[in-house]
Amino acid sequence: NAGVTQTPKFQVLKTGQSMTLQCAQDMNHEYMSWYRQDPGMGLRLIHYSVGAGITDQGEVPNGYNVSRSTTEDFPLRLLSAAPSQTSVYFCASSYSIDSPLHFGNGTRLTVT
Amino acid sequence: QQQVKQSPQSLIVQKGGISIINCAYENTAFDYFPWYQQFPGKGPALLIAIRPDVSEKKEGRFTISFNKSAKQFSLHIMDSQPGDSATYFCAARPSSGNFGNEKLTFGTGTRLTIIP
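In the order they appear, the protein sequences are chains A and B.
Numbering follows our numbering, with no gaps: position 95 of the first sequence is 95.
In our numbering, each number is its position in the second sequence, counted from 1, plus 1000.
Hints were generated in silico from the structure; no laboratory data involved.
Among the clues, some could well be false.
Here are the simulated lysine-lysine pairs, DSS-like style, with alpha carbons at most 30 Å apart [unchecked claim]: (1) B/K1068 <-> B/K1005; (2) B/K1015 <-> B/K1005; (3) B/K1057 <-> B/K1015; (4) B/K1042 <-> A/K14; (5) B/K1005 <-> B/K1058; (6) B/K1042 <-> A/K9.
Please work from the sequences and hints to get the whole structure.
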C-alpha cells in the first residue's frame, strides 16, 4: 500500500494563479482532510470529508475549495493564490472519523 | 484562540538523557490526546495516544503522563537517541458523541535535537 500520496511535492505560483493539490489514498479510508502547516502555528484544518460527496469547512477554509467524488481522492483547489497561502500542505486520512490519522508527505507551496 | 499550548518551542538533549515536552489544554470536552512525530520532509505520524481514564501510558521509551485536574499532558522520551531528533506535536479532541478528527486541535510543535 502506498498510503496517502500527495502531488506535487513543491510548487511555486504567482499571485492570482490557480492550482490543484492532489491527494490520493489506497487504504479505503472514509475520512480525508487537508491541513496547512505554518511555523509556530502547528497544523490547521482547511477542509475535511467524511465520505464521497460530503465535505465541510475546517478552521481556515477561505481561499480553498474541495470536492470528494471518489473515496480515494480529495483534491484541494486554490482559486486565486495569495502570498498568505505560502505554506506546507498536508493531506490526512483515517478509516473512520475517530481513527488515527495517516498523513501524506506534504506539498510545499510558495506564492510570489 | 489557541486551545492547546505546547512548550518548549525547541529542545536540545544529550544522547541518553530524558526529553520532556509539555502541553496544556483549555477545553474540558477534550478526552483523546495523541502525540505526532514529524521528520524533516515527511508528514506527521502518530507516536502514542492517551485517554483520560489513565494517568500514564508507556510504549517503549515513550511515555505520556496525563494530569486531568491541571489539564496538562506531557511526552517523556527516555534514553533519547539521535534518531529521535524530530518535531513533536501534541493534539487533543473530544471523542464522545459524533465528534472526531475534524475537532483535532494541534499544539504548535517542539523541535527536538538529540546531540551525541
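Under the constraints set out in the numbered hints, which ones does this structure not fulfil?
Structure breaks no hint.
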